[in-house]
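S.K.: Using the sequences and the accompanying hints, generate a full structural model.
These protein sequences, in sequence, are chains A and W.
For the first sequence, my numbering assigns the number 937 to the initial residue and increments by one for each residue that follows.
For the second sequence, my numbering assigns the number 2 to the initial residue and increments by one for each residue that follows.
One thing to keep in mind: the hints can contain errors.
As the list claims (entries may be wrong) - Some chain A residues well away from chain W (every beta-carbon gap over 12 Å; in silico): (1) Ser945; (2) Ser990; (3) Gly998; (4) Gly1042.
Said to hold, decoys possible - Below, in silico cross-link-like pairs of lysine to aspartate or glutamate (EDC-like), each with a Cα-Cα straight-line distance of 16 Å or less: (5) W:Lys42 - A:Glu1024; (6) W:Lys42 - W:Asp86; (7) W:Lys68 - W:Asp19; (8) A:Lys1038 - A:Glu1024; (9) A:Lys1038 - W:Glu59; (10) W:Lys41 - A:Glu1000; (11) W:Lys41 - A:Glu1024; (12) A:Lys1038 - W:Asp31; (13) W:Lys41 - W:Asp86; (14) W:Lys68 - W:Glu25; (15) W:Lys10 - W:Glu25; (16) W:Lys37 - W:Asp71; (17) W:Lys37 - W:Asp86; (18) W:Lys42 - A:Asp944; (19) W:Lys53 - W:Asp71; (20) W:Lys68 - W:Glu54; (21) W:Lys53 - W:Asp86; (22) W:Lys37 - W:Glu54.
Because the hints were derived from the structure by calculation, they are not lab data.
C-beta: ideal position from N, C-alpha, C; glycine also.
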Amino acid sequence: AQSVTQLDSQVPVFEEAPVELRCNYSSSVSVYLFWYVQYPNQGLQLLLKYLSGSTLVKGINGFEAEFNKSQTSFHLRKPSVHISDTAEYFCAFPLVGTSYGKLTFGQGTILTVHP
Amino acid sequence: DTAVSQTPKYLVTQMGNDKSIKCEQNLGHDTMYWYKQDSKKFLKIMFSYNNKELIINETVPNRFSPKSPDKAHLNLHINSLELGDSAVYFCASSPRLAGGAQETQYFGPGTRLLVL
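M.R.: Dropping the structure here:
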């Protein structure tokens, strides 16, 4: 069965510090991987996605993620966070072998950036 | 120019009532979705429609009935509301079925439903 696990439910960090949000997936076939962000009281928006090709994916707001097939991971990183990055972050991937986007989401990681 | 909009934003109602949530997208997308986010922020897909045709129907009580009058709208009707239905319901859309699993989904702001 396919699944995605976010290893940290909460990550507190100081402003301008680097951050890594961890995501591991389980799948026996090739995957696409997504990171979505949910700001307080808003819907989700795409940060970045890995489809194929380069394993380092750059997204919006200075975030990037690296696809690591051997470790089945897709960790999200930012070298220097800002207060406005405070949000909940979701790792997700679609059900493989379908022609539609049935996304499976991780449990979410709340990133809190402190001044 | 909201891309995916939902109404109402908040909905407080009594157990046993019937309520509807409306969703509209002005992105020209073919596929629309309903997700439920529970109190622990866990997101789970409920339904998906492509060009008014139901393509995903997860294990959801049949008190929940989606309706798509056209490809820009996907409404969710809930009969006989229960306490456990309290959650945030998100509508989303994506460009085209052919793009399938690669497509980005665009989410609405959510409808916060509280059943008393």
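S.K.: None of the hints should be skipped; say for each whether it holds.
M.R.: For each hint, the structure was consulted:
no.	hint	in the structure
1	Ser945	9 Å, violated
2	Ser990	16 Å, holds
3	Gly998	19 Å, holds
4	Gly1042	9 Å, violated
5	W:Lys42 - A:Glu1024	9 Å, holds
6	W:Lys42 - W:Asp86	14 Å, holds
7	W:Lys68 - W:Asp19	15 Å, holds
8	A:Lys1038 - A:Glu1024	20 Å, violated
9	A:Lys1038 - W:Glu59	10 Å, holds
10	W:Lys41 - A:Glu1000	26 Å, violated
11	W:Lys41 - A:Glu1024	12 Å, holds
12	A:Lys1038 - W:Asp31	15 Å, holds
13	W:Lys41 - W:Asp86	13 Å, holds
14	W:Lys68 - W:Glu25	12 Å, holds
15	W:Lys10 - W:Glu25	13 Å, holds
16	W:Lys37 - W:Asp71	22 Å, violated
17	W:Lys37 - W:Asp86	9 Å, holds
18	W:Lys42 - A:Asp944	14 Å, holds
19	W:Lys53 - W:Asp71	6 Å, holds
20	W:Lys68 - W:Glu54	9 Å, holds
21	W:Lys53 - W:Asp86	25 Å, violated
22	W:Lys37 - W:Glu54	20 Å, violated
The earlier numbered hints that this structure contradicts are 1, 4, 8, 10, 16, 21, 22.
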